[in-house]
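Colleague: Listed below, chain by chain, are the residues.
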Amino acid sequence: MIKKTGFYLLVMLVLLYCSGPLLWQIATSLKPDYELTVIPPVITENPTTVHYISVFKERPFLRIILNSAVVASCTTVLSLIIGSLSAFALAKMRIRYKVFILGFVLSVSMFPPIATVSPLYIIIRELGLRDTWLALIITYTTFSLPLSIWILTNFFKEIPDEIYYAARIDGCSPFQIFYKIMLPLSIPGIFTTAILVFIFSWNEFLFALTFTSTTSSRTIPVAIALFPGVHEVPWGEIAAASVVVTIPLIVLVFAFQKRIVEGLTSGAVKG
Amino acid sequence: MKKESGNRFIFPALLILFLVTVYPVFYVFYLSFHRRLLIFDISKFVGLDNYLFLLRDDRFWNALKNTVYFTSVSVSLELAIGLSIAVLLNRSFRFRGVTRAVVLIPWAVPTVVSARMWEWIYNTDFGILNYTLGAKINWLGSPFWAIHAAILMDVWKTTPFVAILLIAGLQVIPKELYMAAKVDGAGNWAIFRRITLPLLKPIILVVLLFRTLDAFRVFDAVYVLTGGGPANTTETLSIYAYKVLFQTLQFGYGSTLSVVVFLCIGSISVFYIKLLSKGIK
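Here the protein sequences come in this chain order: A and B.
No gaps in the numbering here: position 105 of the first sequence is 106 in this note's numbering, and each next residue is one more.
No gaps in the numbering here: position 42 of the second sequence is 49 in this note's numbering, and each next residue is one more.
Do not rely on the hints blindly, as some may be mistaken.
Simulated restraints, written as ranges between beta carbons of each label pair [what the hints assert, rightly or not]:
no., chain 1, residue 1, chain 2, residue 2, range
1, B, Ser-276, A, Val-51, 17 to 27 angstroms
2, A, Leu-227, B, Leu-44, 20 to 30 angstroms
3, B, Arg-63, A, Phe-8, 50 to 60 angstroms
4, A, Leu-227, B, Phe-278, 47 to 57 angstroms
Think of the hints as simulated: they come from the structure by calculation, not from any bench.
Each residue gets a CB set at the ideal place from its N, CA and C atoms; glycine is no exception.
Construct the complete structure from the given sequences, taking the supplied hints into account.
Modeller: Have a look at this one:
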């Protein structure tokens, strides 16, 4: 009994450690300004939505959310299309230098973003793509490709080769096999990949900071990092904005916890 | 039956990877041998000048020192805490699913959001941390505390990732081994040291690889939390490179710093992958 209580106490401690800071941020977002500087800090006695309203009314936050949503969705779709095509080929078809290609893909995922940001900035500027969605979509698609290819290859590999051969004999072209058989069979894998790529693009900061300059393409992380304060830091508004952009992710985590864990561990444990 | 060639299918991926990662890496090496000032359209080949300057640049050595310190301390802490959480949660109990979802929260919170969240927690006058400790520590303003505040935040943010991977690793260990050890009279600590740790070693190495790489190239977390201050005590290599590139607009020297980060990351990867392949053999 004591052992069991001790165990649950430890679990509670872990839960508090993991969720505490976010809960505190939620509390902060609901406090009227005068409560922010009260000592001792209170959870809140007069909850208010004033910070939420001002984030949307006095700042272009809706547009910024739109930027992030478009960039993250397009990246996810593109990364899945390009990634699943290559994963299919790597798992089921004949590819020369397969090991070399897989190694190359893996090493790209280790590239430090700072090492490519200066040339990419020059290229994007010369192409006239500064401060556009497209610049971010192309960059994010590329940097999420290793992840997509890696997870999806693992998924496709689990589908038996016999299905591929049988479909070939029945007259399917490889491309037909890909979208008529392989894709429907690996929907869970595609879903997992989609969640991870979406979260990656939603949260990315360095490229977004460098390539965007105005509200027309600025994404959420940049907006939150550069949150302007005229006289003092608007803690309440920052908290409100943080909560708004974090809640969708928390919903994803609670709804698809198993899938996310599967995606994160795919490859790491097996290979 | 012979398999068809899949070259067509893989071509788009290789093309975009080549254009957006390989080509820029060559470009950044090229830039690193130039003096390039973007605003004045100046571009001049200067050979190894940037690299020679780097060797004498105190700020570079300071950034390297900060990065190494940040990486080693935060990765060790993450491994220790992550392993404890993994061992704790690797059994069946009520609410296990919900617990694991909660553990993933810090991983899902955008890094920038987490930095601003902690900035408020660390606030000297009104922060909850100082209130809880009954202290008046200037977490982000004091050269000693700032780097540790950044480490603490990073540990909070990335421990879940470590824990999740380690739990997956723990689940692969056959239950029979534990039972056999118990029958033989082994205590919990002995079981942990003699069975769990050795069998977990490959996955620990993978976790260390991922985490070391991420910590070494850290940018957003620390940049948003402290901006590299106070007095450059939290300026990591990526932050220094970013500032040289986009605040002073020296693309040549900035690229030299980027190349150095690239080479460091490369060596770290090679080191771990060698360790890993040794383990597998």
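Colleague: Now look at each hint and say whether the structure bears it out.
Modeller: Taking the hints in turn, this is what the structure says about them:
{"no.": "1", "hint": "B:Ser-276 - A:Val-51: 17 to 27 angstroms", "verdict": "violated, 49 angstroms"}
{"no.": "2", "hint": "A:Leu-227 - B:Leu-44: 20 to 30 angstroms", "verdict": "holds, 25 angstroms"}
{"no.": "3", "hint": "B:Arg-63 - A:Phe-8: 50 to 60 angstroms", "verdict": "holds, 57 angstroms"}
{"no.": "4", "hint": "A:Leu-227 - B:Phe-278: 47 to 57 angstroms", "verdict": "violated, 37 angstroms"}
Going through the hint list in order, the structure does not satisfy hints 1, 4.
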